[in-house]
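Enquirer: One-letter residues, chain by chain:
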Amino acid sequence: MSHSHDRTISVEALARVEGEGAMHVEVADGRVEQVQLRIYEPPRFFEAMLRGRSYLEPPDITARICGICPVAYQLSAINAIESLCRVGTPGGIALPDGIRQLRRLLYCGEWIESHVLHIFLLHAPDFLGYQGAIEMAADHRDLVETALRLRKAGNQLLEVIGGRAIHPINVRVGGFHRAPTRAELEAMVPELQWGRDAAIEAARLVAGFTFPELDQGHTFASLRPELDRLPPGATGYPIEDGRLVTTTGLDIGIEEWPEHFHEEHVAHSTALHGRMTGGGTYLVGPAARFNLNADRLPAAIAELAEEVGCAEAVTNPFRSIVVRAIETAYAFDEALRLVEAYERPEEPAVPVEPVAGTGHGATEAPRGVLYHRYTLDDDGLITDAVIVPPTSQNQPAIEEDLLDFVQAHLELDDDALQWQCEQAIRNYDPCISCSTHFLDLTVRRR
Amino acid sequence: MTVLVLGVGHPDRGDDAAGTLVARALDDTPGIVARTVSGDPSQLLTDPLWDTAARVVLVDTVRTGQPPGTVQQWSGQRLLEHLPATGGGTHDLGVATTLHLAAALQRLPATLTVIGIEGIRFEVGHPPCRPVRHAAAAVAAALVGSLDGTAASAATEVAVRAVDLAGGVRGPQRRHVGLRQG
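Chains as they are written, first to last, in my numbering: chain A, 1 to 446; chain B, 1001 to 1182.
Heads up, some of the hints might be wrong.
Examples of chain A residues lying across from chain B (beta carbon under 7 Å, computed) [to be verified]:
1. Ile-134
2. Ala-137
3. Ala-138
4. Leu-148
5. Lys-152
FRET-style restraints, in silico, Cβ to Cβ [as the list claims (entries may be wrong)]:
6. A/Ala-311 with B/Gln-1072: 52 to 60 Å
7. A/Glu-186 with B/Leu-1147: 34 to 42 Å
8. B/Asp-1027 with A/Asn-316: 50 to 58 Å
9. B/Val-1124 with A/Val-189: 35 to 43 Å
10. B/Thr-1052 with A/Ala-267: 50 to 58 Å
11. B/Thr-1111 with A/Phe-127: 34 to 42 Å
12. A/Thr-181 with B/Thr-1070: 40 to 48 Å
13. A/Gln-216 with B/Val-1124: 33 to 41 Å
14. A/Arg-178 with B/Met-1001: 32 to 40 Å
Away from chain A, derived, C-beta distances all over 12 Å, residues of chain B [as the list claims (entries may be wrong)]:
15. Gln-1066
16. Thr-1070
17. Val-1071
To be clear, the hints were calculated from the coordinates, so they are not data collected in a lab.
Heads up, the beta-carbon is just placed ideally off N, CA and C, and yes, glycines get one too.
Model the full structure from these sequences, guided by the hints.
Expert: In structure tokens form, the structure reads like this:
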């Protein structure tokens, strides 16, 4: 333990995050000089692997980047390719409503699965004072049992629509290999109804946690759907499509992404860092979505948000667990609406012919905006690919959060400071495997 | 009296498929309910048979330094004493976490057996190696053989099926191979 003005705190391996990385904090003369998220997981070179492959392959190849948000990769890839190949665009090939409904419904399953895992099994132990879910389970059995059942409901959506829960195999450019029947979807309704009610109770529960003070003035960025492009039954909260908006007033089509956002190398990370043009940091994810789209929530979920203390914008990252719970309730609610409105398409997919050029696509992965860009040649082969995952975009802002948080809590001993720093990192549910296409903590006080 | 066999693994990652081969070979075997699973607790602990089956058998690929294809068996309770309580990332909590979670929830089956098949190759897109295929066949046959009143031919049939599945032999051909063995 140290309370000296100069100290270094190191965490060798952060728990309850996906992937491998470390955190290093240096304090000199009572001031935090440096905070680094050191991501040392090797780069995975997916973008290079895609070059020379067919325009039909990215949904299956990029799904392998992540085991918990493969749908995000599949649908961002599809959006990029289909926008280039004039599918679902004005004057282009129309996508049947049923295909668009299935895509959003499939994504609801992924949000449920990912959010429930993070809320209950990874993040809640921080607030309830346990090392992890196993230790928490002995004292909070009902909570863990509820989590398992909720997660299973999300998995069920993925299995019925996507063919399997991890790395779905039923998704393709133009639609699906097979469209489920209405009866197959309706069979899930009782569990979805239970899930919506359980998620609402979960939001009330997590809203009662004690949250450390941290109010950050980040720029938030998220998608915002165009209401006339939503499939029947859908409400307007961003999931699988939309324009890109920010709290600083940016409102652009996804094809304008390269003009406003870029990635850069930093010496301490194998993951690129996302920044806005001009160098500013920004945040994507549940809080960004909520802050920019709360007006799009259906009445019952909006009332829930107000009840659990989210009537205004959520700027304390520790309260992200509450927003995730609200979004989980929304995902169940939206799934029920989509099932009710579902019209099975006559054909599960529309034919898509390649078009030479560059296409851009983005969707809202559970952790935030996931952007894909592909350039195709005349034969439909990929000549260039760019994938920007949420964790890469959030890393600079996470480092800013940590710097401010450590500076404000230097009175804590090293163990307590390390614990809260790890908790602060988990606020963002970082996925290092995605970002490298994280955690050791080192705090050095000198 | 139902035996629940949970074959853990990924069918497309080399020797990691061992558990899935066992489960698939046991499809439609009277007295056995076999499932292919990822090992995630939301999949295992929500299975209605987890708490009610007469016996739960979990088959997974392991790496203990033994030669590939080596089969080891532990009781669930005994294994817990040696398994770390944490591991993996946010994306897959894994079998170890699942078993510890089950114990914390006081839902570890009294008759839980964990069978480990030693693996060595885990590359995406590769089939399991021959020793692992044969070990999966032997495990499937032994599980059928452990059922009361089961004919030896039934055990042989699932063993052949396990090897064929690993080799990509399709249904009708598989039956032919099975008859030859019978």
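Enquirer: For each hint, tell me whether it holds in the structure or not.
Expert: Structure-based check of each hint:
no., hint, result
1, Ile-134, "5 Å, holds"
2, Ala-137, "4 Å, holds"
3, Ala-138, "5 Å, holds"
4, Leu-148, "5 Å, holds"
5, Lys-152, "5 Å, holds"
6, A/Ala-311 with B/Gln-1072: 52 to 60 Å, "57 Å, holds"
7, A/Glu-186 with B/Leu-1147: 34 to 42 Å, "37 Å, holds"
8, B/Asp-1027 with A/Asn-316: 50 to 58 Å, "51 Å, holds"
9, B/Val-1124 with A/Val-189: 35 to 43 Å, "36 Å, holds"
10, B/Thr-1052 with A/Ala-267: 50 to 58 Å, "56 Å, holds"
11, B/Thr-1111 with A/Phe-127: 34 to 42 Å, "37 Å, holds"
12, A/Thr-181 with B/Thr-1070: 40 to 48 Å, "46 Å, holds"
13, A/Gln-216 with B/Val-1124: 33 to 41 Å, "40 Å, holds"
14, A/Arg-178 with B/Met-1001: 32 to 40 Å, "37 Å, holds"
15, Gln-1066, "27 Å, holds"
16, Thr-1070, "28 Å, holds"
17, Val-1071, "26 Å, holds"
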